[in-house]
Amino acid sequence: MRGLAKLAWSEFRLTLRDPMTAFWSLAFPALWFLLMVVVIGMPIPGFDYHGQGFASLVFPASISLVILSTSFIGVPIALTTYREAGVLRRLRVTPVKVTTLVAAYSLSQLAFTVVGVAVVTILAMGFFEVRILGSALAFVGVLFCAMVTFLALGSAIGSVARTTRTANIIIWSAFTPMLMLSELFMPLSLLPRWLQPIAKALPLTPVNTLLRDIVFGVALGDLWRFGVLGAWAVVSLVLTVRFFRWE
Amino acid sequence: MAQQTLALKCEHVVKRYGDLVAVNDVSLEIAVGEIFGLVGPNGAGKTTLIEMIESLRKPDSGSIRVLGLDPQAQSVELRERIGVQLQATSIQPNLKVKEAIGLFASLYRKSLLHPEELLETLSLADKANSRFRKLSGGQKQRVAIALALVNDPEILFFDEITTGLDPQARRAMWDLLREFHGRGKTVFLTTHYMEEAEALCDRVAVIDHGRIIALDTPANLVHNLKAGTKVLFRVTNRAVASAEFAKLPAVTRVEPKDDGFVLYTSDGNATLQELIRHADRQGLSLDAIRTETPNLDDVFLALTGREMRE
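Heads up: the sequence lines are chains A and B, in that order.
For the first sequence, my numbering assigns the number 4 to the initial residue and increments by one for each residue that follows.
For the second sequence, my numbering assigns the number 756 to the initial residue and increments by one for each residue that follows.
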């Protein structure tokens, strides 16, 4: 993994030099949180908030959005734009390994995810009285699993798609269903019965559900949700190794 | 040549793309410390061959050994020890020049102790804090060379390094290559500028349609043409056939060129004198008469019947 730290660090700084990307990935989830809580701010009747406000429901959804808008978009776009510009081709004649390269781009995006999560958390806990009633350690653990899975998904998209155009098509055709079906807006129980298993199998659903359960201090009974995340991670890594191309 | 003094050995290397045979049965050996040039027109197979040697493409058949290593099976080890400048590549556009040097140096097991000194050598010191995308074409090319040098490579591969550079920048590039060569290093370059191959290379391989059609020192290639001098001129007052000049003394070959003729001759003086007498007798008006010693362009023309750049 020689060169990993330098590659990751330079990639992190390069992302900062592109302010639009940095703004989009960091500000979008925070703005979404504010929009939901302040402007819409309408608790779902009959939903058990465990003594907290509507913001405690929007909080885990916003964290899911952070993960979606950093790793899931950032990694594949970095891979395809560098492939198209011939940057990967240039790196290929150095001794750097594919795994090092993908790990470096992932680490750089991870940093943005962490900052994005921190922004949303400070906003929610500092200004909207959201409390994590369950274990904070479990919260961090779920976050970690989610990040690994979505970084792997991002790498897979960046490997399967050869061009930024294709990557964008894949990203957005996956982004929208996850936004609609992963309980970010509405509970699974409101979906048609046939759609519910599909929604449960999407990678963002377990993230959102597990985080919400921890915020409300509900026991983590459904451990199979970690299996969903793990399965997506494994499939993604296999796809990355199988389909990665330098040019 | 003994195995340990060979920097590169290719044996019967073939690469096909569909029906096109891009590289057709190429064999060559390059000694450590040589500057070797691969010349030929665009599409002749230069880039395909150099990229197979650099481990980027897999030959369909034949064997390649670089520093004794198999570029496919031992690619990582090979990439540690070679420096490569590629056509049609870039680095991260927003990366600053000195960051790029540091980043690439960190990818190698062994790199120059002070890679930033390369910026001085390549007159890039004042661009150290500029972003790559803001640089001119020549500056980008020099950054590419700096990056090829960060691991203090044993062999440098340059693919069309001076294409698109102004004459001054090209001269500077030549000086740099000679300096590198002076430290006992091997250089493998491709070019479609014959004068570049002539000025730099110890030996030159001429490649056309994927085949090596000549391989020797530039001086020998020219000498073997057995055409000591060229006499060039135009006839301004009437149409004449090139056969008319073939009988002049010492002339070995006549080529029509542009709107005039080129006489290849083993004795420039004799041919020139007789040409002028012949013109007097026949009432031809000659214009723009001059003599040239032949160069590698003539070698290519003689070998293929075509101009290098057309």
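Hints are computed from structural coordinates only; laboratory data are not their basis.
Because the structure is a prediction, the values reported are computed rather than measured.
Wrong hints could be hidden among the right ones.
As the list claims (entries may be wrong) - Mimicking SDA-like on lysine to any residue, the simulated pairs with C-alpha atoms at most 25 angstroms apart in a straight line are:
1. K1012(B) / D963(B)
2. K889(B) / E87(A)
3. K882(B) / R926(B)
4. K813(B) / K882(B)
5. K882(B) / K203(A)
6. K9(A) / V831(B)
7. K100(A) / K889(B)
8. K764(B) / L970(B)
9. K203(A) / I172(A)
10. K853(B) / E87(A)
11. K100(A) / S866(B)
12. K1002(B) / K1012(B)
13. K889(B) / K865(B)
14. K865(B) / D225(A)
15. K813(B) / K1012(B)
16. K895(B) / E250(A)
17. K889(B) / I172(A)
18. K764(B) / P848(B)
19. K100(A) / D825(B)
20. K100(A) / V237(A)
21. K203(A) / A234(A)
22. K882(B) / L17(A)
23. K1012(B) / A1057(B)
24. K100(A) / G823(B)
25. K9(A) / V118(A)
26. K853(B) / L110(A)
27. K853(B) / L17(A)
28. K203(A) / D225(A)
Is the straight-line distance between the alpha-carbon of K813(B) and that of K1012(B) 25 angstroms or less? Answer violated: K813(B) to K1012(B) is near 41 angstroms, above 25 angstroms.
Assess, step by step, whether the Cα of K100(A) is no farther than 25 angstroms from the Cα of G823(B), and give holds or violated. Between K100(A) and G823(B) the Cα gap is close to 22 angstroms, so the pair holds against 25 angstroms.
Hinted pair, alpha-carbon criterion (25 angstroms max): K1002(B), K1012(B). Please report holds or violated.
The given pair, whose Cα atoms are some 18 angstroms apart, holds under the 25 angstroms limit.
**Request:** With a cut-off of 25 angstroms on the C-alpha distance, tell me whether K882(B) and K203(A) pass.
**Result:** violated (54 angstroms)
- Message: So if I understand the rule, the pair passes when the alpha-carbon distance is 25 angstroms or less; does K889(B) with I172(A) pass?
- Response: violated (30 angstroms)
Q.
Tell me if the straight-line CA distance from K764(B) to L970(B) falls inside 25 angstroms.
A. holds (14 angstroms)
**Study point:** Proposed proximity, E87(A) with K889(B) (alpha carbon, max 25 angstroms)
**Key:** Given that 25 angstroms is the threshold and the Cα spacing comes to 19 angstroms, the pair holds.
Notebook entry, point to check: CA of K203(A) to CA of I172(A), is that 25 angstroms or under?
Noted result: holds (23 angstroms)
* When you check the alpha-carbon spacing of K9(A) and V118(A), does it fall within 25 angstroms? -> holds (20 angstroms)
- Task: Would you mind confirming whether the straight-line C-alpha gap from K813(B) to K882(B) stays at or under 25 angstroms?
- Result: violated (37 angstroms)
Has the given pair, K9(A) with V831(B), been kept, meaning a C-alpha gap of at most 25 angstroms? With Cα atoms ~19 angstroms apart, K9(A) and V831(B) stay inside 25 angstroms; holds.
- Query: Hey, K764(B) versus P848(B), does the alpha-carbon distance stay inside 25 angstroms?
  - Reply: Judged against 25 angstroms, a Cα distance of about 36 angstroms means the pair is violated.
Consistency with the previously given hints fails for numbers 4, 5, 7, 13, 14, 15, 17, 18, ordered from lowest to highest.
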